[in-house]
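Undergrad: So the sequence shown is numbered by the numbering used here: it starts at 102 and just counts up by one.
Source of the hints: derived by calculation from the structure; they are not laboratory data.
Mixed in with the good hints, there may be bad ones.
In silico lysine-lysine, BS3-like type, Cα no more than 30 Å apart, as pairs [claimed, not checked]: (1) Lys199 / Lys257; (2) Lys199 / Lys164; (3) Lys131 / Lys164.
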Amino acid sequence: MNASFPSPGSAPRPPAGSYYDPALDAHVLKLLPAEWKVSSDDVALATVLGSCVAACMYDPQAKIGGMNHFMLPDAAPGDGSARYGAHAMELLINGMLKNGASRSRLQAKVFGGGNVLPGMTIDPIGTRNANFVLEYLKAEGIPILGQDLGGTQPRKVVFFVRTGRTLVKRLPAAGEIARVERDYRSRLTQTPVAGSVELF
Numbered sequence: 102m103n104a105s106f107p108s109p110g111s112a113p114r115p116p117a118g119s120y121y122d123p124a125l126d127a128h129v130l131k132l133l134p135a136e137w138k139v140s141s142d143d144v145a146l147a148t149v150l151g152s153c154v155a156a157c158m159y160d161p162q163a164k165i166g167g168m169n170h171f172m173l174p175d176a177a178p179g180d181g182s183a184r185y186g187a188h189a190m191e192l193l194i195n196g197m198l199k200n201g202a203s204r205s206r207l208q209a210k211v212f213g214g215g216n217v218l219p220g221m222t223i224d225p226i227g228t229r230n231a232n233f234v235l236e237y238l239k240a241e242g243i244p245i246l247g248q249d250l251g252g253t254q255p256r257k258v259v260f261f262v263r264t265g266r267t268l269v270k271r272l273p274a275a276g277e278i279a280r281v282e283r284d285y286r287s288r289l290t291q292t293p294v295a296g297s298v299e300l301f
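Please model the entire structure based on the sequences and the hints provided.
TA: Next up, the structure:
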């Protein structure tokens with residue numbers, strides 16, 4: 102049986118689970134709610150946000166980046182799910198450090214927190230998520246280099262982990278994203294957040 106091997110100097114294999122986006126000229130890994138990823142590969146991380154928030158972190162010297170996607174700012178004691186902001190932030194920071202980033206060099210950009218769920222005008226989830234991530238990063242001493250938070254529109258966020266570059270696109274229709282977020286929240290106490298739903 103013939104086998105082929107990459108020649109020295111050939112392009113590295115794309116990360117598992119990624120797809121090539123010709124518009125971005127990049128391999129892309131998608132994040133769903135309650136997921137986080139850290140990488141030093143030449144890859145972009147992408148997610149779509151309604152009231153959820155994504156924090157993108159970057160070490161410019163190590164060229165390591167990561168992103169999380171959380172749904173609610175805090176959890177009941179003992180619930181260590183990445184769907185909640187505090188745990189999602191800890192997972193992202195620890196993942197960065199384990200992959201060679203230095204805490205003193207960490208930089209952040211934060212996105213989402215839109216108030217896309219109709220009828221929630223008092224203490225809306227999007228506002229709570231946005232306030233949480235700003236307060237958390239301030240308390241941790243991690244500088245925020247960019248942000249696009251609040252409003253009423255969902256967003257698509259693309260983060261290039263090797264450069265720290267970020268693209269944000271405002272999306273016109275919030276209805277489907279709001280519905281999916283409501284469905285996720287209705288299952289929070291029943292099943293772990295994971296699986297096949299993609300917010301597009």
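Undergrad: Next, verify each hint and record whether it holds.
TA: Each hint, compared with the structure:
1. Restraint check: the Cα-Cα separation between Lys199 and Lys257 comes to about 28 Å, which is no more than 30 Å; the hinted pair holds.
2. The suggested pairing of Lys199 with Lys164 holds, with an alpha-carbon distance near 14 Å, which does not exceed 30 Å.
3. The hinted pair formed by Lys131 and Lys164 meets the criterion: a straight-line CA distance of about 20 Å does not exceed 30 Å.
In summary, the structure agrees with every hint in the numbered list given earlier.
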